[in-house]
Amino acid sequence: MNDHAKKLPIFWGHGTNDPLVKFIWAKQSVQFLKEGLGITETTEADQAGIEFHAYNGLVHSASDEEIEDLQAWLEKVLPVNE
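Just so you know, we're using the numbering used here here: the sequence shown kicks off at 4 and counts up by one.
Keep in mind that the hints are not guaranteed to be accurate.
Distance condition first, Cα-Cα at most 27 Å in a straight line; then the derived DSSO-like pairs of lysine-lysine [said to hold, decoys possible]:
1) K25 / K37
2) K79 / K37
3) K10 / K79
4) K30 / K10
5) K9 / K25
6) K79 / K30
7) K9 / K79
8) K30 / K9
9) K37 / K10
Because the hints were derived from the structure by calculation, they are not lab data.
Please take these sequences and the hints and turn them into a complete structure.
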């Protein structure tokens, strides 16, 4: 994986009760991205990498909380054109 790809911001939201894509699979996938491909976790200073959000009790769907988190994330990573 090239350096540019490693620096792309990634939002990953996953419900802990998802019956189709098990939560453990999501955690394992994030671990592979970090350890296997060298993708970092985001920080306040650097939005490059992966930002993982777990949603307690959520099944294979989206919640208001997840949509709000996604909106906040988009506002952080996308430049504002005025």
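For each hint, the structure was consulted:
The straight-line distance between the Cα atoms of K25 and K37 is roughly 19 Å, inside the 27 Å bound, and the hint therefore holds. Restraint check for K79 and K37: the C-alpha separation of about 21 Å stays at or below 27 Å, so the hint holds. Between the alpha carbons of K10 and K79 the distance comes to roughly 15 Å, so the proposed pair stays at or under 27 Å and holds. Distance check on the hinted pair: K30 and K10 sit about 20 Å apart at the alpha-carbon level, within 27 Å; holds.
For the given pair, K9 sits about 25 Å from K25 by alpha-carbon distance, which is consistent with the 27 Å threshold. Note on K79 and K30: the hinted pairing holds, with a Cα-Cα distance of about 23 Å set against a maximum of 27 Å. Distance restraint check for K9 and K79: the Cα-Cα separation of roughly 18 Å lies within the 27 Å cut-off, and the hinted pair is therefore satisfied. For the suggested pair K30 and K9, the alpha carbons sit about 18 Å apart, so the restraint of at most 27 Å is met.
Taking the CA atoms of K37 and K10, the gap is about 12 Å. The hint holds against a cut of 27 Å.
Hint compliance for this structure: every hint is met.
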